[in-house]
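Colleague: For reference, the chains in residue letters:
Number of protein chains: 2
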Amino acid sequence: MIIDCHGHYTTAPKALQTWREAQIAGLKDPSIVRSKGTIKISDDEIRQSLESAQLKFQRERGTDLTIFSPRASAMAHHIGDATVSLHWAEHCNDLIHRVCTLYPENFVGVCQLPQSPGVPPGNCIGELQRCVKELGFIGCNLNPDPSGGHWTAPPLTDRYWYPFYEKMVELDVPAMVHVSSSCNANFHATGAHYINADTTAFMQFLTADLFKDFPALRFIIPHGGGAVPYHWGRYRGLAQDLNRPPLVELIRTNVFFDTCVYHLPGIELLLKVVPVENILFGSEMVGAVRGIDPETGHYFDDTKRYIDAVTWLGAEEKRKIFEGNARRVYPRLADWPLSLKNRTLGQAH
Amino acid sequence: MIIDCHGHYTTAPKALQTWREAQIAGLKDPSIVRSKGTIKISDDEIRQSLESAQLKFQRERGTDLTIFSPRASAMAHHIGDATVSLHWAEHCNDLIHRVCTLYPENFVGVCQLPQSPGVPPGNCIGELQRCVKELGFIGCNLNPDPSGGHWTAPPLTDRYWYPFYEKMVELDVPAMVHVSSSCNANFHATGAHYINADTTAFMQFLTADLFKDFPALRFIIPHGGGAVPYHWGRYRGLAQDLNRPPLVELIRTNVFFDTCVYHLPGIELLLKVVPVENILFGSEMVGAVRGIDPETGHYFDDTKRYIDAVTWLGAEEKRKIFEGNARRVYPRLADWPLSLKNRTLGQAH
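Chains as they are written, first to last, in the working numbering: chain P, 1326 to 1674; chain Y, 1326 to 1674.
This is chain P alone, in the form it adopts within the complex:
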């Protein structure tokens, strides 16, 4: 079985974006009462949005289950306040739940959080709990920079984040460290901000004792771990210079990288330097790069092909990357898909 740990609903029906645009437009008029309101999307619209994209690619590429979350670049936690983020997150998560209910064999949910700049992340506990307990989600996307490229929040290792981590541990769900769009002209979203955030988070984890305080806390660093595997020697050396534990020890049960690296030499490097136990298959499909690589004739983000092509990696190791590690990192996968089959959005609310 092949589990893709990194998929976003980038193809959601237009009504979702229309609602968001109206919400943002409403921010200009303080007399407008902010309400969650409703979004009308039919089951058929959802089916159409997936059949020609994520589901088609799952079939073509031979992957089975996608751990699915709202479009990351659209989270835009820097817009509005915590209420704005909550309404938006609820809608996005509800839609993911409908996807998972319509296609319980193909998708399992990971939630967007109602983060907002300057608001302690404890405010996200309610939505995390709702998504996990009521909607059957198995994890969340945690934005280390809700300001969208200004990096005004404390590092992920600061006690500021601890109340949220306590809930993650209690619910036994991991977080993917995932920023959203950038409102800083220096940072292209998918080409710089995403990758920088991955690198930044890793170095924060390296320099602090977060996992002594939370031995069961688990993070997935997406996009192949940012720059980290390429600079694995630098990070091993920095850990040593700073009297920190060896990297392999430091990340063992707490930090994981996905395989969203869009060429074979990059994937080979990842597999060479990072312990196989810390790598989860992911594609970010449909996401950052949508084209076909003229050098291979295949989609850049068809990352399964790269892993398949690595002949020196054994079958057991590949099984860990494709399935086993995901089951360890997302233990709530054990309930999937039976619990979802018996659940509908109506019952869950």
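Because the hints were derived from the structure by calculation, they are not lab data.
Hints are not guaranteed to be accurate.
A pair counts as met if it fits within one copy or between any two copies, since identical chains are not told apart.
To be verified - Result set (EDC-like, lysine to aspartate or glutamate): computed pairs, CA atoms no more than 20 Å apart in a straight line:
(1) K1629 with E1385
(2) K1492 with D1534
(3) K1597 with D1618
Keep in mind the model is a prediction, meaning the values are calculated, not measured.
Using the hints, position chain Y against chain P.
Modeller: Coordinates of chain Y only, in the frame set by chain P:
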């Protein structure tokens, strides 16, 4: 001949740092008249600071010439104003010039710039010109984020930077894109801020037409290009999705990566994906990582060993990386070292 394009004077005699600390302390008292003052360092102190470090490593590792600049993390452009930065840059550059005068065979200078947050980089033209014309320097370090981790300046592709680029082109000197220390708690300097800046700059170059406006402008992106070679497929795909030229075309005569990647698999990846013409040997010695790799028994930053170990790279290709490319990117190397031999700091001023 082996030219190391990336060395900093991280071992400068204490008097330099003492002067800087007094300068910073003086900022608290507005009644103090800001003056450049003098720093007393003897030639013997300079010799000692190098003989046990950079010169020793040059000999041990078999490299010949280091393109040498002031300690990058100490530039700290975010401290004080443009005058503070100018006095500090002048002292640092003068000291580099003394190094190059004492050891003309071993070092050639690259200058620190008197950048300051909110001050257009045109203010750095004078110091660049002084260093190139009077001190025989062959390039500069350009900080894309003088705010030290808050990223408040416009992207490097903005017209804000153009007056400075005009002078670079006129003098025929390249810039290494190099941030300094971080005053943002999110970013560890050498483990996150440096690498992020490299990735950020590359994506800025990818998305703009800077090199149409300045066909002769040349940048070295240090630390192996940040995350870029590891994500070469992602960047090729983004360029394609954004209707930009292919990466190889985009960087051909304008963007170069050094080899400051501290393990063999990383160096192999760099050499596999980036055209050999765009790679310059560099070690960042003595710099970010000072320890010995327990896996190899050699210094992490002895990057020559990794390149030597790549058997599939031909002698001619290695010659380009070790020398030829540096001579193309830093054409003023053609004057080295004769011009320096006839010059002293006294005459130059």
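Colleague: Against this structure, judge whether each hint is valid.
Modeller: The hints, checked one at a time:
1. For a Cα distance limit of 20 Å, the shortest separation of K1629 from E1385 inside one copy, 11 Å, qualifies, whereas the shortest one across copies, 44 Å, does not.
2. Proximity of K1492 to D1534 under the C-alpha cut-off of 20 Å is restricted to the intra-copy arrangement: shortest distance 19 Å within a copy versus 47 Å between copies.
3. Proximity of K1597 to D1618 under the C-alpha cut-off of 20 Å is restricted to the inter-copy arrangement: shortest distance 17 Å between copies versus 23 Å within a copy.
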